[in-house]
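**Q** Protein chains in written order, with the numbering used here: chain A, 223 to 709; chain B, 7 to 453.
Note that these hints are calculated values from the structure, not bench results.
Predicted model only: the values in this text are computed from it and were never measured.
A virtual CB, placed ideally from N, CA and C, is assigned to each residue, including glycine.
Be aware that a few hints might be false.
Derived lysine-lysine pairs resembling BS3-like cross-links, with alpha carbons at most 27 Å apart [unchecked claim]:
| hint | chain 1 | residue 1 | chain 2 | residue 2 |
| --- | --- | --- | --- | --- |
| 1 | B | K408 | A | K528 |
| 2 | B | K396 | A | K694 |
| 3 | B | K293 | A | K694 |
| 4 | B | K57 | A | K258 |
| 5 | A | K528 | B | K288 |
| 6 | A | K258 | B | K434 |
| 7 | B | K57 | A | K339 |
| 8 | B | K61 | A | K418 |
| 9 | B | K61 | A | K339 |
| 10 | B | K231 | A | K258 |
| 11 | B | K408 | B | K396 |
| 12 | A | K510 | B | K177 |
| 13 | B | K288 | A | K373 |
| 14 | A | K339 | B | K64 |
| 15 | A | K538 | B | K177 |
| 16 | A | K339 | B | K43 |
| 17 | A | K408 | A | K641 |
| 18 | B | K326 | A | K641 |
| 19 | B | K64 | A | K528 |
Computed footprint of chain A on chain B; a stretch qualifies when at least three of its residues, placed anywhere within it, have a C-beta under 8 Å from a C-beta of chain A [as the list claims (entries may be wrong)]:
| hint | region |
| --- | --- |
| 20 | 122 to 130 |
| 21 | 151 to 162 |
| 22 | 176 to 190 |
| 23 | 258 to 271 |
| 24 | 303 to 313 |
| 25 | 355 to 364 |
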Amino acid sequence: MTEPTCYELSSTGRRGMRFPDLDVPISPLENDFVRKHIDLPELSELDVVRHFTHLSRLNYSVDQGLYPLGSCTMKYNPRVNEAAARLNGFINTHPLQPSETVQGNLSLMYLLQEWLKEITGFDAFSLQPAAGAQGEFVGGLIIRAYHRANKDEQRNRILVPDSAHGTNPATTNMTGFNIVNIPSDKRGNLDINVLKENCNSHLAGLMLTNPNTLGLFEEHLAEVIEIVHKNGGLVYGDGANLNALLGILRPADIGIDIMHINLHKTFSTPHGGGGPGSGPVGVVESLKDFLPEPVVDIIEPGDNGKSPIYGLIRPKHSIGRVKSFHGHFGILVRAYMYISMLGAQGLRNVAEFAVLNANYLMVLLKKKYHLPYERTCMHEFVVEGCWRELPEIHALDISKRLIDYGFHPPTNYFPLIVKEALMIEPTETENLQTLKQFADAMLNIADEAHSNPELLKTAPHYAPIGRLDEVKAARELILCCHPTHQE
Amino acid sequence: MFIPHTPLERSEMLSAIGIDRLEELFQDIPDSFRFPKINLPPVLTEMEALKQIHKISKLNKSCNELKCFLGAGVYDHYIPAAIDQIIQKGEFFTAYTPYQPEISQGILQAIFEYQSLIAALMGMEVCNASHYDGATAAAESALAAYYYLNENRKEFIISKSVHPHYRATIKTYLSGLSDLNIIENDDPLANPNELSNFITKNTALIVLQYPDFLGRLFDLTNIIKSAHQSGALTSVIVNPMALGLLKTPAEFGADFIVGEGQPLGIPLSFGGPYLGLFTTRKELVRKISGRLVGQTVDNQGRRGYVLTLTAREQHIRREKATSNICTNQGLMALTAVIYLCLLGKEGLHQVAELCYQKAHYAANQISKLNMYSVNMQHPFFNEFFVKCPKPVSQINQQLLEKGIIGGYDLGIDYPYLRDHMLIALTEKNSRDDIDYLVKSLIEITND
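Between the sequences and the hints, there should be enough to build the whole structure, so can you do that?
**A** Below, the structure written as structure tokens:
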């Protein structure tokens, strides 16, 4: 079924919302600046509600079923977070209000900074970055600022393992470093010999995703960090996979210097069809002054039951601002709620059961899917979405057939080092029955691939729409349905 | 909490894996660091956590309890009730980036319509699926200009009358690239045409704001023409609400029109999440970052939508990508498209005109006060600045005691504009509120 666009539903003269009449004397408009025409649709409120309700039905979501998209941590996000983030005191405060009128907001941000420090072991946090990628960008700039401050500007190389997150290489470019790729070894760890070869006076740092995108914990982590440190580099930890480490390992304890955290993944914000996220950055003591502004601090200590006064400050050698205002506050509220309800033990359970679910599923799937690395995995794992005897079947075909079984497919074709990769992250909130059903679907599809490959090649059969012509989309490039812009 | 496993199920899973205890899954983690002690407050139930956070929220005073005349980039507009009902549908809310178009047509078509309506509002040909906020959208336009001009031009001119947070963000975004030069003029009150003095053969981009941070409107035709004559591009930051009533900078020839989408139905929420609007001309589309949704057909010829031109993006282009953006502001883009659909052509015009009229009434009333001098030299939309008889922080303190959130203290960013307050109005400010503000300003200065 095809839903018309909002322009196709429009009827000239129809209104959805009315506002009060003007209650002040009319001032003349500035004729030089008055707009003559604006082409927006004209719909009633019911038209709009129906339109978006129809659209919503064409979407798959966590509320509907398992969404095992690797490295995206599609866990269940408690609904009470939504109630909290919409409280009047939070949602209706302007970011530039006098600080004495927003002590609630500032105290929440301060406490969240403190909790994140406790959970990760870092000495300071900035909550400003808008998403994981922006957190990485901040990390890169901090590494640069640190070497500059040490008059070490020749340090212009960042090492990035080939099992790192997809954003890492682009981040390296944006922050002005040259990238050196470090291959993985046979066990899925980074190749320590290649690492050593690249540790010289040009080494700025290492960007490490751990567990990496193979879902594997770096077995020589302490040694890797020591080598980088000994050679004057810093270690950046990509925190996108922190769900596997809550209460298991504090990244700063083992020597990571900087890390961003994806609050929307690990600390529960619904992913909203592509965002918003939130990517706070934590650092060790020696890097504290480089954090992006602002950070929240106590301006006047409290005493005898009087609460302290909080304010926003700019760190001494801050790399600057990476966005307007103070970060994605609404998401900070959700993370605050989540940590309040889980506590230390609850967070450790998150990691334990995320890892249990992934290992259980891996054991079930390995009956019919090849595992590139036979090791205990962390919160996610990768299988090969292909069979040597069936060269025409690709990971994409398996994914599309999974849709027929009522599941969202895993991440396809990432990491790049595994052929036809299917990266699977079940998360801790999925129950045993769901995991079994998903495994059954995957195993059935493996059988179908052998007995009736056409079934996979033409899938999905039970989706709202068939396979889409991506080449046509890129070639014709229709990006708007606005009538005046249609080709 | 939120973990469904019963003890029996856990045992079943452990034995399937072939281990006895959960801890055995973590043998790769070095002993000395494994299972650290973490000090967090005692666990709360949902009921207790909500009660506690409610208490924290009550420590704030919101724009609902106070009368708000503060803007400076984000504004207290009315948000139609239907929006939150729609965006909280789990089908939108708990989905992610539409990597699998066959089961993501809902969000894909919604983003396609968002692109269409924002492009229509801006008068531009291309709109991407969003950036983090107005400031990062402006910064991304600088990166796009740099790469479009083949990295040859190294100078970026930023008007001093651009929002201070935006100027700071653009500088941070460009700080990673080597040998770039950022030029700002000294005088925030200067006419934008004066920026042409800074244009050279090395200029990549001029960044302007419309209305500017001080609320003023300038015809940007000449400065944009000067930029184009030298081969440079221009990026204009807008308030999308203003475009409900006013000419878009597309009519002046802007190459990028970007801005903060917050006025389009997104709550203030103490600074975010907001929405980075990003539009440009078709010719530049291959150099811009961020996702794009394009129209196509499925294998039966039915209309459908997919993420397109993905080869520009970080996960494919890797270190050659011009930006690392991945997660964007999907839900906020959905919010904006619903807002624009609900208001429609007439509704948006009405709200924009209400903002304009209320601001002009307030400016007129304040200009009658002896001690205050309103800048009326230039046309403005919903925001204007006033020279006050004493420090703005003092005035705001006294206004607060009367239940008013006063305007923005321009002295914070412009020492030159000490004692100047930037006052913003929206359709939510009634005539009574405005009269009360004026009366309060009189009382304060008579003290």
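**Q** Run every hint past the structure and note whether it holds.
**A** For each hint, the structure was consulted:
no. : hint            : result
1   : B:K408 x A:K528 : holds, 25 Å
2   : B:K396 x A:K694 : violated, 63 Å
3   : B:K293 x A:K694 : holds, 20 Å
4   : B:K57 x A:K258  : violated, 51 Å
5   : A:K528 x B:K288 : violated, 58 Å
6   : A:K258 x B:K434 : holds, 25 Å
7   : B:K57 x A:K339  : holds, 25 Å
8   : B:K61 x A:K418  : violated, 53 Å
9   : B:K61 x A:K339  : holds, 24 Å
10  : B:K231 x A:K258 : holds, 22 Å
11  : B:K408 x B:K396 : holds, 17 Å
12  : A:K510 x B:K177 : holds, 21 Å
13  : B:K288 x A:K373 : violated, 44 Å
14  : A:K339 x B:K64  : holds, 26 Å
15  : A:K538 x B:K177 : holds, 17 Å
16  : A:K339 x B:K43  : holds, 13 Å
17  : A:K408 x A:K641 : holds, 15 Å
18  : B:K326 x A:K641 : holds, 22 Å
19  : B:K64 x A:K528  : holds, 16 Å
20  : 122 to 130      : holds (count 5)
21  : 151 to 162      : violated (count 0)
22  : 176 to 190      : holds (count 7)
23  : 258 to 271      : violated (count 1)
24  : 303 to 313      : holds (count 9)
25  : 355 to 364      : holds (count 8)
Violated hints, listed in ascending order, are 2, 4, 5, 8, 13, 21, 23; each of the other numbered hints is respected by the structure.
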